[in-house]
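Sequence lines, in order, name chains A and B.
All the letters of the first sequence, read from the start, carry residue numbers 163 to 916 under the working numbering.
All the letters of the second sequence, read from the start, carry residue numbers 19 to 190 under the working numbering.
Just so you know, the hints here were simulated from the structure itself, not pulled from any lab data.
This one's a predicted model, so the numbers in the text were calculated from it and none came from an experiment.
Even glycine gets a Cβ: it sits at the ideal position worked out from N, Cα and C.
Be aware that a few hints might be false.
[As the list claims (entries may be wrong)] Below, simulated BS3-like cross-link-like pairs (lysine-lysine); rule was C-alpha separation at most 25 Å, straight line:
hint	chain 1	residue 1	chain 2	residue 2
1	A	Lys179	B	Lys173
2	B	Lys173	A	Lys171
3	A	Lys168	B	Lys40
4	B	Lys87	B	Lys59
5	A	Lys911	A	Lys896
6	A	Lys418	B	Lys59
7	A	Lys171	B	Lys163
8	B	Lys157	A	Lys171
9	A	Lys373	A	Lys276
10	B	Lys59	A	Lys896
[As the list claims (entries may be wrong)] Partner residues aside, some chain A positions facing chain B, computed with beta carbon under 8 Å:
hint	residue
11	Lys169
12	Tyr565
13	Lys817
Here's the letter readout for the chains.
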Amino acid sequence: MNDFDKKIKDSKECIEKSNQNDSHHIYEMAKNKVEKPALIKRFNYRLVIKYAIIVMFLLVMFTGGFFISKSLNKNGNEQIIYRNSERSNNNQSVNYEEVATNNKALNFGSFETKDDLINYLNDNKINISTSSLNDVQIMSDEITISPKADAAISNSSSSYQTNTQVENVDEADIVKVVGNHIFYLATNVHTYKDYARYLYMLTENDGELFKEKTIEYNRTEELLETIDNYSLVRIVTMIPNDLYVTNKYVVVRVTKTEYKSIKQIGLDSKTYYNNTYDYGTTCYFEIYDVNDLSLVKTIELAGSNVSTRLIGNSLYVVNNYNDYLRNNNRFYFYPYFFLDDVIYYPYLNHIYYCEDSPQMKTYVSLYKIILDDEFTVQDLHILTPTVDNIYSSEKNIYLIRTYGNDVINEDDYQLTYPKTRVVVVNIEGDLTLAGNFDVKGKINDKYWIDEKDEYIRVVTTGREYRNYYFDKKYVYRNESTIFNFLTIFKKTDNGFEESSSIEEGIGKPGESIRSARFNGDVVTIVTYRNIDPIYYVDISNPLNPVITSSLEVTGYSVYQHPYKDNYVIGFGYENDNASNGYKITLFDISDKEDIKQVGNSAVIYNYVPTYIENDYKELIIDIPQFFYNPKALFVDNNLGIYGFRLQMQDYYYEKKTDSSGIYYSRNLSKTHSITKYLIITIDENSDNPISILELDVRDALYRNYDGTYSAYSEDYYQRLVFIGDNYYLLSNNKVNTFTRNGNDFIEGKELLLK
Amino acid sequence: MFVLYMKGLNMRNLTETEFDKKYHMYKDLIYNIAYTYVHNKFDSDDITQDVFIKYLESTVEFNSLDNEKYWLIRVTINQSKNYLSTSWKKKTILNDEMVERTMEKESREKEKNDYYRIITSLPNKYKEPIVLFYYEDLKIEEIAKVLNISLNCAKKRLERGRQKIKEELNNE
């Protein structure tokens, strides 16, 4: 801390000390206020009579006592439809009672009547007017059974695939390749005026790429009413986020935001918007025919999206939904979805709660959408705290939520630490709750959890706090320690049981887990504080996991990628006292007793100052995108080729002098951004196993719109894909083509996208 | 109407012993922040008391100790601002207590550290990050959460606050 900062900090001593040290009178004051609440000044007889009349009227109207399913055409014409249930393929119907019993054994409860649900929500301090719910369609009918998903659709290995965590479980991304077609979302052009995004269908023919079709996503504005020079407009923005491609369809996930705004043309001819009410955001899917991008279906799901997966032709969507907390309109009380213009609400027996989970105020909704001709939708909703992340195997989806602290009061200290709850849903046939388990610590990304057979392996980290009390009253000391765990759970008929764990030995004191990667019977774990031990943990026996070896290196890995059978590539940071940068290291894990580094690491220094006469330049490289989004890493495991983009700023400072002395001022006209795409190749037999090739380099200029900076440049590379030996480097405005010959890439034609 | 009548019947589910622990855990934090607004210990004690009463009356549930702390800081800031704008403070009431407070305030002015004086006279949007960062050792990320602003905004305000302190020092 420099002198100036120290003086600021020391100035705190000017604060006079308080004389107050007695909490008792505060407690008594609060207690007195509670026991003697303020009386209502006036008893409103008219209001009481009014409510009584309304309640009696509603009771008369609904003494029929049955619930009907109601669909509301978006244009306002009402249609009544009934949700039909179908028998499953194995002719075993699963009725409501069976489902409820099974789930109660697994620590989940369900609701027999709508009143049970309403009372439950009210007990959790949610104030919902009962009168708003009478005509909401909730059924206690047989649940809809849909046919089993088709076998997984696999791409040819001679074309690009997204870098996913689990084989056969696809994850959405901005580009997908099927056959000789590339489907690409150019989503990163963003200014406050230009809302356009594009879906491109590009076709490869004999190495050359053609733009076959383009779909533009834009912001629409509909005039509702005009008064003087004010207009009430309805604004809808559609921002495509990512996509999947199957043999039949292209599925684009869109964030659709709809709201009303008052528009005014000012004296300066500028347009001003005052956003008002009816703000709503939903998770929206547009489904196109893969052959010609004609729109086939739209599906709109209530809530904000957490994540999606595609397994075979089944699309799984996880949303958090809590709009009903802010809106008593009956349409918002339950998670709803639209298939085209028809609205659906859940069956009552599709809604569950965790019996011992705190703060249940959000619907976590899991949808399974079969991408066939009928687009059957299954749904399951759990009242639980919002989900942070998910992990998916081919059989189960794991809903992950880190919540609260567990507080344990011991005699002389109070212990708190974070916990994570994981709710498991089986997805092999119908969506079925499989159970839940709690684990101490946080699961910081999806790679920290892995399923193998009936075992779930979980890596967590966290900080534990202890407050020590003097005389059980005053905190005189507090301390915290970091913990790192590996825990293995086993799936049983009654849910999940802890099978084994490692609670000591992962990381030195003060080190927390930075990355982990499961690979069959081994997990490699990297911890960090000053140096980076990477641990080899043998998990071949789930009842007895063992740390068999470790290796200390400088810096740490944030992402680990398996390479061939016996290697792991660590991508992360270099951090010793001499230098800082990004580092790529190859680790040999063939011998569990001796994990080794292969040769030298490759380091890209992220801060390079250069002096030019009296001026100087600073080259600063941003954190690579794939560090926090592994799907941005180009991976070809067959050939051992990897790729990613780097963005850097070359700042130029001029030396200047004024009355206060010499200082350096940034010269904006000489400062520019550069983007590079790097190709990494591995040779495990070399002393320098990591080779880096610059595939392409270009200046990427910031664009100013009305004095503001754009978030991204159109020139930045987004993804590298390939079809056969032809490689395509995609940015928002063009595609550069390369042909690979061994480890050489020969530049070809350029395709302009706009 | 029914809901209004029920108001005030909820109190946080804490025993007096448990509340005492919370009180000692947070009282210095709340008092110090309040003091940077009102500049005297009497009013700071009042605000501290009000904040804890609000805490006991509130039924907000906290996911973690951190969230609890952030909530208390926000309430303290709001209470301090409300305190400064309430009408009775603007009236000129001459009584012994008031005269005593004023005299103490005047004598303290002479001794007050320049840095402290400048910090507490900054506009709130710069003062708050400075006080939270330097006096209460909050990280930038925590400051952003407490003040409900973006991380970049928190960094900019902190930096701008430091610049303003330097400018004021140079002007003296």
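Results of checking the hints against the structure:
Taking the CA atoms of Lys179 of chain A and Lys173 of chain B, the gap is about 30 Å. The hint is violated against a cut of 25 Å. Restraint check for Lys173 of chain B and Lys171 of chain A: satisfied, since their Cα atoms lie roughly 17 Å apart, inside the 25 Å limit. A C-alpha spacing of about 29 Å is found between Lys168 of chain A and Lys40 of chain B, which places the hinted pair above 25 Å, so the restraint is violated. For a cut-off of 25 Å, the pair hint linking Lys87 of chain B to Lys59 of chain B stands: about 22 Å separates their Cα positions.
For the given pair, Lys911 of chain A sits about 11 Å from Lys896 of chain A by alpha-carbon distance, which is consistent with the 25 Å threshold. The hinted pair formed by Lys418 of chain A and Lys59 of chain B fails the criterion: a straight-line CA distance of about 52 Å is larger than 25 Å. This hinted pair checks out: Lys171 of chain A and Lys163 of chain B have alpha carbons roughly 22 Å apart, not beyond 25 Å. This hinted pair checks out: Lys157 of chain B and Lys171 of chain A have alpha carbons roughly 14 Å apart, not beyond 25 Å.
Under the criterion of a C-alpha separation no larger than 25 Å, the hint pairing Lys373 of chain A with Lys276 of chain A is inconsistent with the structure, at around 53 Å. Only pairs whose Cα atoms come within 25 Å are accepted, and Lys59 of chain B paired with Lys896 of chain A is rejected, the gap being roughly 65 Å. At about 5 Å, the closest approach between the beta carbon of Lys169 of chain A and any beta carbon in chain B falls short of 8 Å, and the interface hint on this residue holds. Interface hint status for Tyr565 of chain A: upheld, as the beta-carbon distance to the closest one in chain B is roughly 6 Å, under 8 Å.
At a threshold of 8 Å, the smallest CB-CB gap from Lys817 of chain A to chain B is about 21 Å, leaving the interface hint violated.
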